[in-house]
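Protein chains: 2
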Amino acid sequence: MESASVGIDLGGTSIKLGVVTPEGDVIARSEIPTPTGHPREAVREISLAVKKMIDSSGLNPLRIGKVGVGTPGVLDPQKGVVRSAANLEGWNDVPLRDWLQEDLARPVRVMNDANAAALGEIRFGAARGLTNLVLLTLGTGVGGGIVLGGKVIEGSRGLAGELGHMRIEMGQPRPCACGLFGCLEAYAGGKSLLKRLHETLADDIQEISLLQEKSKRETLTVEDLFWAAGEGDGLMIRIVDETALALSAGIANLLHALNPEMVVLAGGVSRSLLLLEKIREYLPDMALMAYMENFQLCTSGLGTDAGILGAAAAVEDLA
Amino acid sequence: MESASVGIDLGGTSIKLGVVTPEGDVIARSEIPTPTGHPREAVREISLAVKKMIDSSGLNPLRIGKVGVGTPGVLDPQKGVVRSAANLEGWNDVPLRDWLQEDLARPVRVMNDANAAALGEIRFGAARGLTNLVLLTLGTGVGGGIVLGGKVIEGSRGLAGELGHMRIEMGQPRPCACGLFGCLEAYAGGKSLLKRLHETLADDIQEISLLQEKSKRETLTVEDLFWAAGEGDGLMIRIVDETALALSAGIANLLHALNPEMVVLAGGVSRSLLLLEKIREYLPDMALMAYMENFQLCTSGLGTDAGILGAAAAVEDLA
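Top to bottom, those sequences are chains A and B.
Under the numbering used here, the first residue of the first sequence carries the number 1, and numbering increases by one thereafter.
Under the numbering used here, the first residue of the second sequence carries the number 1, and numbering increases by one thereafter.
Looking at chain A on its own, in the form it has when it is part of the complex:
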């Protein structure tokens, strides 16, 4: 009788693995640097790490069943193929699912990492017991995952959930890293926040911002921005305000389109309480009242194991 799954969180710099119980306990874990060789070799190294971790878990290996993988990049989720991934050099049309199944002799499901994270929140996290959820990952960029009726929405070609590229501004749209204009990511992605931080400091000839001095000594981060805003730095508050407005608009769009029970914010940028507070303030003015009833806006409930738990949750309905 199987009692646990394996979750693999495939990142550009490291790969995190865990043995996850049905209750969401991570009872064994491991981490390896992302292998840089030929993809087939890299996948063999990942498989080896999985086997070692299973051995070290103390569980009878036969009780560890399915394997879920959350990966970045563009996938064919049906076939479990990684079409391309900016952070994984040389990974073009890699049949990740088939290779892992070959190595591990276990059923494998490969899923976009943000989609997996959304399933993780439903199975183990903030959205436990719910069936309609949208997750926004606020990292360097903005990504997303949509779960409706308990199922991940993958779209006709596995490309659904790119919520960072919803357009929220027509008149004066900012350019986005993707080449489009007015995308949510251009207002709420960490990279865009830092860009505005530096633009603001460059314009700040009266050196009002608390960050002017620090910026001369060290590289500023998004955390610095939120810290300064929390300390009352007017210039930084303006950036946080604009970010909150943009996220509120994006969330409002998702509410009207999909009427979810919950939106979960995950990723580094979501850790700002000030930002969350401002979104909670602005959102009711951007959504029709009925959509705010029985609706919750939360941050991720999964902590640092989010990637592993999401990947493990992805195997839920795998035969």
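Take these hints with a grain of salt, some might be off.
Covered by chain B, according to a simulated footprint, are these stretches of chain A (three or more residues, beta-carbon under 8 Å) [as the list claims (entries may be wrong)]:
#1 146 to 159
#2 167 to 176
#3 247 to 253
Listed below are several chain A residues computed to face chain B (Cβ distance under 10 Å; list not exhaustive) [said to hold, decoys possible]:
#4 Asn132
#5 Gly182
#6 Cys183
#7 Tyr187
#8 Gln212
#9 Ser215
#10 His256
#11 Ala257
#12 Asn294
Derived from the structure by calculation, the hints contain no laboratory data.
Backbone N, C-alpha and C fix where the C-beta goes; we use that ideal spot for every residue, glycine too.
Mind docking chain B on chain A? Use the hints.
Same frame as chain A, now just chain B:
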């Protein structure tokens, strides 16, 4: 053996009924003015019209099985209750499904009319054979219906698909009839188009617009606006342009979020070929390339029977 369904298109001024074959042929039809009495009486009148139509169809009544109803307003789709409907006076918490089932002794499904229209396109119309579709209804306002994996997305409280209230403008948002700002409907709804038409004519002190003369003699319509734009009226072309940009932004948002195979435009405003042409021109600049591959933008394939066919399609998976 059942061979046809009944579709009921419940409108504010008239109710259209049809007997629909599995092939999408409307083999009998009827239309009655929307009854204005107490809702229970009104539903009895509708049921009577259904029975008369079934009798006149020539089919053995036993071969006419399920009944689908497309209604405006706010519903509880699970219970088949009309919570409220701006166009149906006094219809508050009306158990439409149960009353119709009582009168007609047939299984009934009640569905938001735009959701039903989306199912109609999949079963009988432009999206036949597809499973992931978004429909935008461009009438006085802007509504929508989303079908993913062949199922209508109703959301946690039956409110999904209000695509006219996605926010596409933050900086200089127009007020929307719903009380919010920057909604797609404020840029692409028929009412908003007419408002801009009149604002434009009022500002047009040199009387450049082809519509100035006509506006003094008669009430202008959206058709006049599109006609004048088609004739090269620069002021009207600007309104059509802005409408196309707004719709492209809204469609792009839906592409990135849901990756559908098709977006269908329905309703009066969608009949402008000029508008469609401009959306086809602008959309590729607002969506990432991968989302435009194997994607089609179409107008409704259902013609004047769209409401009846949509309602009949809504019964598909009814037990």
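What are the numbers of the hints that this structure violates, sorted from low to high?
8, 9
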